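There are 2 protein chains.
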Amino acid sequence: MSAIPVPVWSIDPRTGERREQAAEEATEAAVDAAVRAARTALGPLADRAVRSAFLRTAAGLLDEARPELVALADSETALGTTRLGGELTRTCYQLRQFADAVDAGSFLDVIISHPDSSATPPVPDLRRYKVPLGVVAVYAASNFPFAFSVAGGDTASALAAGCPVVVKAHPDHPATSEATVAVLRRAAARHGLPAGVAGLVHGFDAGVTLVAHPLVAAASFTGSVRGGRALFDAAAARPRPIPFHGELGSLNPVVVTGPAATERAEDIGTGLAASMTMGVGQFCVKPGLVLVPADAAGDRLVKALGQSLVDVAPGVMLDHRMRDAFVSGVGERSRLPSVETPVAPAPGDAHTVAAALLTVPADRLAAEDGPHDLLLEECFGPVTVVVRYEDQAQADAVLGRLPGNLTATLHVSAQEASSGSAADLLARLAPLAGRVLVNSWPTGVAVAPAQHHGGPYPATTSTSTSVGLTATERWLRPVAYQNTPEALLPPELREGNPLGLPRTVDGRREG
Amino acid sequence: MSAIPVPVWSIDPRTGERREQAAEEATEAAVDAAVRAARTALGPLADRAVRSAFLRTAAGLLDEARPELVALADSETALGTTRLGGELTRTCYQLRQFADAVDAGSFLDVIISHPDSSATPPVPDLRRYKVPLGVVAVYAASNFPFAFSVAGGDTASALAAGCPVVVKAHPDHPATSEATVAVLRRAAARHGLPAGVAGLVHGFDAGVTLVAHPLVAAASFTGSVRGGRALFDAAAARPRPIPFHGELGSLNPVVVTGPAATERAEDIGTGLAASMTMGVGQFCVKPGLVLVPADAAGDRLVKALGQSLVDVAPGVMLDHRMRDAFVSGVGERSRLPSVETPVAPAPGDAHTVAAALLTVPADRLAAEDGPHDLLLEECFGPVTVVVRYEDQAQADAVLGRLPGNLTATLHVSAQEASSGSAADLLARLAPLAGRVLVNSWPTGVAVAPAQHHGGPYPATTSTSTSVGLTATERWLRPVAYQNTPEALLPPELREGNPLGLPRTVDGRREG
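Note that the protein sequences, when read in sequence, are chains A and B. Throughout, this note's numbering is defined as the position within the first sequence, counted from one, plus 240. Throughout, this note's numbering is defined as the position within the second sequence, counted from one, plus 240.
Nothing false has been slipped in among the hints.
Just the calculated beta-carbon pair ranges, DEER-fashion:
1) Arg575/B - Val246/A: 47 to 53 Å
2) Ala667/B - Ala311/A: 44 to 50 Å
3) Ala286/A - Ala477/B: 33 to 39 Å
4) Glu630/B - Trp249/A: 52 to 58 Å
5) Gly740/B - Gly283/A: 42 to 48 Å
6) His354/A - Asp287/B: 30 to 36 Å
7) Arg668/B - Arg641/A: 49 to 55 Å
8) Ala586/A - Gly736/B: 47 to 53 Å
9) Gly751/B - Glu257/A: 57 to 63 Å
10) Ala606/A - Ala311/B: 50 to 56 Å
11) His354/A - Pro742/B: 17 to 23 Å
Just a sample of chain B residues kept apart from chain A, beta carbon distances all over 12 Å, derived:
12) Ala243
13) Leu301
14) Glu418
15) Asp445
16) Gly569
17) Gly571
18) Arg575
19) Asp631
20) Gly736
The set of hints was computed from the structure by calculation and includes no laboratory data. Just so it is clear, the structure is predicted and the values come from calculations on it, not from any experiment. Quick reminder that beta carbons are idealized off the backbone N, C-alpha and C, glycines included.
Take the sequences, apply the hints, and build the full model.
See the structure below:
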């Protein structure tokens with residue numbers, strides 16, 4: 241442990257230059273202090289009325305700080321003020337949605353079983369609800385400085401569940417992270433909550449220390465397969481393992497049927513171009529592998545896609561390391577046998593990248609352990625791989641080789657949609673992903689009760705979601721009270737339901 | 241991989257002698273065949289009507305085979321025909337409860353969000369429900385040859401969720417396991433399900449192979465910390481990690497307050513004796529550490545406990561290895577400084593064990609990493625450790641040192657219960673366990689919707705339960721359908737709710 245503070249710099253990705261020193265890397269002692277401070281907030285957070293008020297105040301103060309926050313985030317990420325403004329709106333909306341959920345209390349999942357001596361074994365009085373796990377470690381994402389960062393969905397859902405957080409800031413936006421946590425702490429202070437309710441640490445080593453801290457009870461992560469898997473492994477290897485909800489990587493396959501291509505090749509091509517280049521291709525749900533028929537209609541689709549991509553202005557990626565990885569990743573893929581590059585993997589200037597398009601015949605992806613397996617790995621940035629298939633068997637063979645995904649998309653013709661003839665094909669896509677879409681694009685993850693943002697490994701390391709109200713489930717565990725006198729029961733479980741919670745009593749839903 | 245089959249013997253624990261060859265250890269090829277056979281049952285199991293009918297038929301056929309099954313299990317476990325008859329009844333009840341749950345469909349957790357263009361980002365049509373994960377590996381317990389074994393809660397909940405199972409038989413009851421799986425397969429055949437829907441493998445190596453099999457999607461385990469942790473680690477280390485729901489070990493602490501001891505020392509002492517010796521102390525919820533005041537009332541409690549224990553007839557443990565571990569475990573604990581043995585750790589005859597009682601002053605457990613830490617580890621069998629505490633600070637110090645538990649029990653006086661003055665103490669117990677009890681005993685785990693059988697590590701390796709209807713949650717993952725035309729939607733998610741499922745639509749519960 242060094243005695244000399246290691247500075248954390250805020251970098252402008254448009255120039256690669258240092259903007260300012262945003263913070264210092266957290267030492268082991270600093271991580272320990274942050275976790276212990278968070279732990280002291282567990283008690284005060286137990287009051288649901290305080291919790292929801294805190295979340296609403298946080299949303300209000302983030303809204304008030306909008307001009308500074310958006311400008312700061314843009315200077316660190318180059319994502320643009322329009323996109324970042326929308327992202328901040330989403331973040332505030334999310335905080336308010338979780339505040340409403342805290343008030344409603346459904347997530348407490350109260351279940352009451354009255355005694356039943358006729359059962360084998362007899363059923364005593366049992367009352368079960370969910371309680372917070374404890375301090376949650378949140379590993380912020382690079383590509384959403386607001387919505388999947390300090391005050392993003394992981395933090396909002398953890399706080400809603402009653403869990404204080406310690407956020408590991410992403411190095412791509414340390415100043416934005418500091419500014420955001422300051423807002424959260426101002427909101428906390430207004431409701432008498434300790435500042436430690438939202439901790440923030442910087443630095444790679446701090447992240448490793450954090451996941452191993454004995455008082456950390458669960459963790460969430462949004463990022464790369466390599467980083468996420470290392471933290472997942474560390475969480476599992478602890479003397480006392482903890483739940484680790486990581487979102488690691490996703491190809492987000494798209495299948496275009498023959499009739500769909502025949503019907504609207506150009507629409508699909510231009511729609512795909514917009515989706516895959518949105519945010520300079522830096523979305524976890526970017527469509528990264530697209531199965532297109534190897535026929536004339538498919539040719540039209542690829543042509544329209546390529547033409548649209550050429551018109552997309554080069555963009556600045558989140559940092560120069562990512563830019564280099566994108567350029568070399570596209571280059572390496574383009575040099576594989578039979579891979580063509582209708583839109584060449586040309587970089588932009590020294591700080592930007594241009595979109596790229598690769599195509600490959602489906603039979604190249606059928607064999608395992610070949611060099612083309614590289615095409616089954618996510619390449620972060622504005623590139624997609626179009627796989628041309630001759631027949632359904634070839635398409636199925638490629639689908640059978642895919643790792644788990646956040647999304648899988650099917651484009652069908654109007655007739656296939658209305659007749660249901662594409663149902664079998666859709667049923668083959670569902671096992672590959674946590675969200676399946678028809679005739680639309682996966683970018684844009686709505687915050688809604690029915691949302692599921694997760695999927696088979698490596699999309700996520702657990703079966704839970706990081707977006708939508710069920711995201712709170714990750715931070716709770718059930719506790720059952722048996723034969724407990726009314727005066728000793730938590731109010732949530734008392735017979736008369738003094739808090740007016742929705743609950744299930746002897747199999748019947750109430751409220 | 242040996243070409244010579246390795247026999248699996250059925251052993252009579254009352255004599256230690258071989259009864260018969262029950263099976264052979266599964267080779268790697270046999271494990272692979274079992275998993276692949278299970279995989280083929282995933283499609284047929286998708287029909288919920290078939291699933292519930294199968295579970296009910298299985299319950300009926302197990303009931304019909306009762307005389308043979310109970311006699312066989314008794315010959316392999318020495319648990320007695322009364323207890324085993326009750327356990328089989330429980331097992332059948334559990335299968336029927338899950339059948340009802342399959343018909344009701346609540347566990348599908350259908351949530352529908354209709355489009356909302358006013359949200360940021362806009363909400364498309366989203367419909368989410370839960371789908372089965374795939375083949376589940378079930379590691380059977382030693383101490384419940386029916387209820388936590390081949391047709392037990394893990395299997396029943398997995399099948400209810402739509403997941404075929406491959407059970408790793410416990411070596412203490414291979415013949416019972418074979419007889420039970422034969423019944424399950426007869427039930428499967430009646431409903432046109434392939435026999436592979438319930439696979440069975442024997443042997444330590446087979447268990448290791450099973451958890452690593454690429455087509456195994458999740459696992460459950462009930463057993464020791466050492467075995468469970470090794471399998472947990474293997475599940476986490478897979479190229480594609482899988483959920484591992486292990487129940488590993490639990491001390492099940494009990495706290496007796498001063499007023500409770502004063503009020504009913506003898507009742508508590510005799511009740512504890514009955515609970516800790518039930519089933520020869522071979523319950524995962526056996527009260528293994530009891531905090532008793534170091535005063536005259538506490539002395540009365542310990543005396544009553546000791547007298548009751550002396551009257552308990554020696555019992556046969558599940559196998560001789562466990563018997564040896566119990567005898568040496570009690571011996572080792574009894575030789576620790578300041579540990580007294582009011583009921584000496586005397587074994588019974590060569591095949592039985594007698595109950596034992598150890599006491600220790602609370603201050604001996606306050607220091608970390610001392611030799612007395614051994615008392616904080618579960619000792620399987622009829623023994624409990626009574627910790628005598630001088631004041632609440634001492635009791636709290638011991639509670640602060642406990643690992644996670646399945647249960648925590650509080651004994652209070654009538655006045656403490658009715659006034660609520662013990663609420664703070666109960667609130668300190670709740671973080672330690674998944675089920676808290678007041679003025680009762682943890683043995684006897686009811687099968688009820690509000691049950692929670694799980695707890696902080698090492699009680700369980702996840703936040704889920706292995707008993708009660710929510711046990712199905714372990715084997716499911718959500719999938720959301722976005723903008724999917726009605727004709728392509730699974731019937732569970734169609735607008736008109738053709739299956740009549742309970743669901744939440746735009747935040748409102750239906751059904």
